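In the order they appear, the protein sequences are chains D and V.
When we follow the working numbering, the leftmost residue of the first sequence carries the number 1, and every step to the right adds one.
When we follow the working numbering, the leftmost residue of the second sequence carries the number 1, and every step to the right adds one.
Worth flagging that the hints you see were computed from the coordinates, not collected in a lab.
Some clues are possibly wrong.
[Said to hold, decoys possible] Below, a list of computed lysine-lysine pairs in the DSBU-like style, where the Cα atoms sit at most 30 Å apart:
hint, chain 1, residue 1, chain 2, residue 2
1, V, K563, D, K341
2, D, K430, V, K570
3, V, K562, V, K466
4, V, K64, D, K3
[Claimed, not checked] Which stretches of chain V does chain D cover? Using the computed rule of at least three CB atoms under 8 Å from a CB of chain D, they are:
hint, segment
5, 63 to 76
6, 104 to 112
7, 397 to 403
Predicted, not measured: the structure shown is a model, and the values here were computed from it.
C-beta: ideal position from N, C-alpha, C; glycine also.
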Amino acid sequence: MQKIYNRIIQIAGNVITVEARDVGYSDLAEISSKAGKSLAQVIRIDGERVYLQIYAGSRGISTEDKIRFLGHPMRVSFTENLLGRLFNGAGLPRDNGPILEENMVEIGGPSVNPAKRIIPRKMIRTGIPMIDIFNSLVESQKLPIFSVPGEPYNELLARIAMQAEVDIIILGGMGLKYDDYLFFRDTLEKNGSLSRAIFFVHTAQDPTVECLLVPDLSLAVAEQFALQGKRVLVLLSDMTNFCDALKEISITMEQIPSNRGYPGDLYSQLAKRYEKAVDFDTAGSITILAVTTMPGDDVTHPVPDNTGYITEGQFYLRNKSIEPFGSLSRLKQLVNGKTRKDHRAIMDRMIQLFSDYREALEKQSMGFHMSEWDKKLLKYGRAFEERMMNISVDIPLEKALDLGWQILAENFELTEISIKTELTSEFWPKK
Amino acid sequence: MSASRIGVLTGLNGNMATVEFHDHVMQNEVAFILHNDERLKSEVIRVTGNKAELQVYEDTKGLKLGEKVEFTGELLSVELGPGLLGQIFDGLQNPLPQLAEKSGFFLKRGLYLEALDNKKEWEFTPVAKIGQKLKPGEKLGFTHEGIFEHWIMAPFVLKGAVEVEKIAIKGKYNIQHVIAELKDEHGNIHPCSMSQVWPVKVPITCFAEKLKPSRPLTTKIRIIDTLMPVALGGTYCIPGPFGSGKTVLQQLISKHAEIDIVIIAACGERAGEVVETLREFPHLVDPRTKKSLIERTVIICNTSSMPVSARESSVYTAVTIAEYYRQMGLNVLLLADSTSRWAQAMREMSGRLEEIPGEEAFPAYLENRIASFYERAGLVRLHGGSLGSVTIGGTVSPAGGNFEEPVTQATLKVVGAFHGLSRERSDARRYPAIDPLESWSKYSSFIEDKEIKAAQAVLKRSYEVKQMMKVVGEEGTSLQDFIVYLKGEFIDDVYLQQNAFDEVDAATIEERQKYVFHVLYEIIKSEFSFEDKNTARKFFQSLRQVFIEWNSSEWRTEDFNKKENQVKEKCKKSIIV
Numbered sequence: 001m002q003k004i005y006n007r008i009i010q011i012a013g014n015v016i017t018v019e020a021r022d023v024g025y026s027d028l029a030e031i032s033s034k035a036g037k038s039l040a041q042v043i044r045i046d047g048e049r050v051y052l053q054i055y056a057g058s059r060g061i062s063t064e065d066k067i068r069f070l071g072h073p074m075r076v077s078f079t080e081n082l083l084g085r086l087f088n089g090a091g092l093p094r095d096n097g098p099i100l101e102e103n104m105v106e107i108g109g110p111s112v113n114p115a116k117r118i119i120p121r122k123m124i125r126t127g128i129p130m131i132d133i134f135n136s137l138v139e140s141q142k143l144p145i146f147s148v149p150g151e152p153y154n155e156l157l158a159r160i161a162m163q164a165e166v167d168i169i170i171l172g173g174m175g176l177k178y179d180d181y182l183f184f185r186d187t188l189e190k191n192g193s194l195s196r197a198i199f200f201v202h203t204a205q206d207p208t209v210e211c212l213l214v215p216d217l218s219l220a221v222a223e224q225f226a227l228q229g230k231r232v233l234v235l236l237s238d239m240t241n242f243c244d245a246l247k248e249i250s251i252t253m254e255q256i257p258s259n260r261g262y263p264g265d266l267y268s269q270l271a272k273r274y275e276k277a278v279d280f281d282t283a284g285s286i287t288i289l290a291v292t293t294m295p296g297d298d299v300t301h302p303v304p305d306n307t308g309y310i311t312e313g314q315f316y317l318r319n320k321s322i323e324p325f326g327s328l329s330r331l332k333q334l335v336n337g338k339t340r341k342d343h344r345a346i347m348d349r350m351i352q353l354f355s356d357y358r359e360a361l362e363k364q365s366m367g368f369h370m371s372e373w374d375k376k377l378l379k380y381g382r383a384f385e386e387r388m389m390n391i392s393v394d395i396p397l398e399k400a401l402d403l404g405w406q407i408l409a410e411n412f413e414l415t416e417i418s419i420k421t422e423l424t425s426e427f428w429p430k431k
Numbered sequence: 001m002s003a004s005r006i007g008v009l010t011g012l013n014g015n016m017a018t019v020e021f022h023d024h025v026m027q028n029e030v031a032f033i034l035h036n037d038e039r040l041k042s043e044v045i046r047v048t049g050n051k052a053e054l055q056v057y058e059d060t061k062g063l064k065l066g067e068k069v070e071f072t073g074e075l076l077s078v079e080l081g082p083g084l085l086g087q088i089f090d091g092l093q094n095p096l097p098q099l100a101e102k103s104g105f106f107l108k109r110g111l112y113l114e115a116l117d118n119k120k121e122w123e124f125t126p127v128a129k130i131g132q133k134l135k136p137g138e139k140l141g142f143t144h145e146g147i148f149e150h151w152i153m154a155p156f157v158l159k160g161a162v163e164v165e166k167i168a169i170k171g172k173y174n175i176q177h178v179i180a181e182l183k184d185e186h187g188n189i190h191p192c193s194m195s196q197v198w199p200v201k202v203p204i205t206c207f208a209e210k211l212k213p214s215r216p217l218t219t220k221i222r223i224i225d226t227l228m229p230v231a232l233g234g235t236y237c238i239p240g241p242f243g244s245g246k247t248v249l250q251q252l253i254s255k256h257a258e259i260d261i262v263i264i265a266a267c268g269e270r271a272g273e274v275v276e277t278l279r280e281f282p283h284l285v286d287p288r289t290k291k292s293l294i295e296r297t298v299i300i301c302n303t304s305s306m307p308v309s310a311r312e313s314s315v316y317t318a319v320t321i322a323e324y325y326r327q328m329g330l331n332v333l334l335l336a337d338s339t340s341r342w343a344q345a346m347r348e349m350s351g352r353l354e355e356i357p358g359e360e361a362f363p364a365y366l367e368n369r370i371a372s373f374y375e376r377a378g379l380v381r382l383h384g385g386s387l388g389s390v391t392i393g394g395t396v397s398p399a400g401g402n403f404e405e406p407v408t409q410a411t412l413k414v415v416g417a418f419h420g421l422s423r424e425r426s427d428a429r430r431y432p433a434i435d436p437l438e439s440w441s442k443y444s445s446f447i448e449d450k451e452i453k454a455a456q457a458v459l460k461r462s463y464e465v466k467q468m469m470k471v472v473g474e475e476g477t478s479l480q481d482f483i484v485y486l487k488g489e490f491i492d493d494v495y496l497q498q499n500a501f502d503e504v505d506a507a508t509i510e511e512r513q514k515y516v517f518h519v520l521y522e523i524i525k526s527e528f529s530f531e532d533k534n535t536a537r538k539f540f541q542s543l544r545q546v547f548i549e550w551n552s553s554e555w556r557t558e559d560f561n562k563k564e565n566q567v568k569e570k571c572k573k574s575i576i577v
């Protein structure tokens with residue numbers, strides 16, 4: 001039944017063209033060449049010309065190599081045995097463990113029916129005040145961490161992975177430095193979280209195309225666990241590498257680029273992955289945190305820009321702390337009304353004052369006279385940066401709110417903070 | 001219709017299929033690709049020689065060369081009739097809750113359901129008499145759909161005048177039951193039921209004339225109603241970078257706007273946002289009708305992970321349903337979120353067709369498509385004399401937040417009001433983050449012109465002083481200028497900003513806006529005397545506090561009067577009479 005073809009008529013980039021019949025769109029094929037066996041996927045059919053994207057790259061492929069079509073799209077095994085295992089971007093073991101081949105499920109499956117989603121209501125506590133108070137993380141949320149290279153984003157991801165109250169953690173690494181891969185593995189191992197984690201890691205030295213599979217593999221597995229009622233946290237790092245791989249393929253395919261060489265469907269491609277974040281009616285959930293490095297710290301770059309339109313907010317990591325401006329959790333209002341009644345007031349007012357502080361700072365740097373009010377703001381701003389924004393601060397939400405009142409009371413008069421009397425009479429620290 | 005024409009699949013590239021045909025094909029006709037037992041809906045978008053290119057409304061995974069394609073000869077259409085309200089459809093008018101019943105958590109490709117329930121019976125009351133001459137779109141009778149009188153009209157597809165041959169007596173019928181027979185000028189008899197079909201890309205124009213929008217639509221968002229109002233039958237757009245609150249603003253308007261029917265087209269955006277509407281609206285009460293909000297809402301939902309081509313058609317499906325209700329003399333508001341995703345869907349298809357790209361790879365016909373979409377809005381006089389309107393508000397998501405990009409520019413050319421959201425304002429948590437200086441509207445507000453002009457002047461001057469202060473510092477600014485600056489900030493803080501989470505402040509009715517704005521006007525045109533800048537700042541800070549508390553006290557209650565007096569008392573002390 002499975003015919004073998006060996007008429008490769010074109011090799012360009014990581015895409016080869018072969019003459020073949022009876023091939024399904026998106027199906028997998030196996031190529032045997034001198035370099036070994038590699039999987040490939042059908043990305044275009046034009047009459048009898050079939051275009052294949054080769055996962056391991058086209059280097060070493062000869063025009064007489066044999067191609068066998070498998071008759072199905074990419075799949076991944078889904079069993080409990082996945083837990084604690086480490087795989088590469090093609091879904092093969094990295095940890096010398098056995099290859100898993102039971103209960104194969106398709107990756108990149110259909111979209112969830114919006115009518116089967118529910119409004120997320122559960123907050124995921126992280127112990128980081130800049131997240132818990134100001135931009136609460138919510139179960140089933142999809143949030144990117146925008147960052148310039150060099151910021152401790154992987155450390156932040158690892159910390160959230162260890163502290164977050166979820167059942168299963170899936171790490172999808174794309175173009176990860178080998179050191180970073182080891183860092184994740186060792187940190188989770190030391191903390192004892194590895195047994196509830198699954199890794200799909202493509203490192204910088206692996207073939208580019210495998211990078212494209214990582215989000216789909218991670219999310220397909222996450223989806224299966226979620227359907228069983230598990231709460232899954234998917235950590236992706238770094239989505240910019242994923243987008244660059246997309247760009248490479250689309251240019252090879254001679255598609256007209258839309259913006260800085262990226263394909264016109266970048267938004268749809270990203271959305272297809274991020275929208276897998278879900279809170280199922282009567283089943284579990286998937287929460288996605290994805291690092292997106294911004295080339296040149298430019299948020300208008302197509303990758304962070306398209307991401308921002310898809311995700312439910314974003315965290316900006318800058319100068320080793322989560323920046324209060326620009327960082328936003330769109331779902332926070334679903335949970336922060338039910339924590340403590342002063343939560344929203346503290347959140348709003350502290351940020352407004354911090355914004356005024358930044359303005360005062362600007363005035364100061366230009367050498368202007370500082371009014372009484374400006375001086376107060378400067379003192380407040382510094383306290384805020386040291387005691388709240390510092391990423392090493394690790395306290396539960398309630399303690400963090402108390403700290404907020406403390407910082408306000410140390411720097412301002414009661415009349416200056418314009419928070420409703422109803423709240424100040426209860427929470428304003430008595431001197 | 002002759003026996004269905006058949007073609008053969010010869011190529012696939014993403015969601016574009018190439019099909020060889022033998023007979024003939026029609027541009028934009030619907031075709032089905034037959035794959036095993038699945039039938040995948042697609043639309044002819046280009047024909048070359050004996051090959052047709054089809055955009056497939058489904059995922060094309062697994063499709064093979066040589067598969068059969070069936071052409072239907074029909075344009076992509078929607079079914080119009082009672083039962084649309086309260087429903088949630090995908091871009092092709094499949095009811096999503098019913099799909100979930102059939103296929104569970106995930107959308108199954110190739111599964112299409114009837115848009116309207118065929119079995120449900122509606123009480124039909126005839127109005128037209130036998131022998132009466134009618135134009136298409138004129139009333140045959142009516143039924144009750146929730147709180148609305150849902151007109152059953154002579155089919156829009158008929159041409160010229162028709163004569164009523166037969167009409168059913170008052171009674172309960174399902175939507176397929178023939179309730180009337182109409183004879184056209186050529187003597188042909190057309191049986192009509194309570195539902196009819198209409199191609200989505202063609203506007204419904206069965207009315208006497210299109211009028212100039214003149215009456216304001218109250219959104220209960222103060223900054224909009226006061227400074228940049230929307231008119232019934234008008235158009236507006238909300239461009240803004242991500243995170244500036246476009247969708248939240250649309251959601252607020254969909255909840256609070258004083259309008260009969262709201263159609264929400266969630267086009268290529270997050271599913272989570274639709275879910276909020278979907279789950280919350282049944283429990284929210286419309287203060288005007290005292291009924292659940294869902295009863296006046298139709299949701300068309302083609303979120304970002306659903307097939308791209310269906311995204312392109314979803315805005316048309318939405319506007320067609322809006323036009324249908326307008327034909328009944330109702331005021332309809334269509335909220336499209338986001339038109340950029342719709343434009344991107346066009347770009348994706350254009351790329352696959354290898355058309356020569358325009359700016360940022362958008363197709364050259366982008367402007368034309370955007371303009372003709374917004375042109376479907378409008379206030380119309382129906383044949384019967386009553387008025388109906390479709391108002392369209394579309395969000396735009398410009399790449400990089402830069403308004404110079406093609407979709408924003410093409411939209412600005414055709415809309416009547418522009419509500420530009422700014423990152424600066426949203427970063428400072430000033431919501432709604434509509435820029436009061438950049439935004440504009442060609443429609444007139446219900447607030448007195450003189451008062452608006454005064455406020456705008458203060459806002460503008462205040463902004464200038466603020467910019468100047470960045471250069472010369474506070475000490476280099478005169479006390480007088482400084483007070484103007486504070487006044488501007490004050491207007492912004494207590495009036496333009498609105499707290500969406502405060503039950504009272506979230507929506508301000510017309511009467512209250514007029515009242516409060518007048519008080520505000522009195523304050524800003526007053527002369528104040530302060531010793532120095534610090535006392536001035538302190539005064540406005542404390543006045544703001546009282547004013548904001550006034551904003552969250554319920555209209556015309558004792559508390560409202562009390563807070564109002566507090567505001568006035570405070571002012572008296574510092575105003576020079």
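Earlier hints that do not hold, by number: 3
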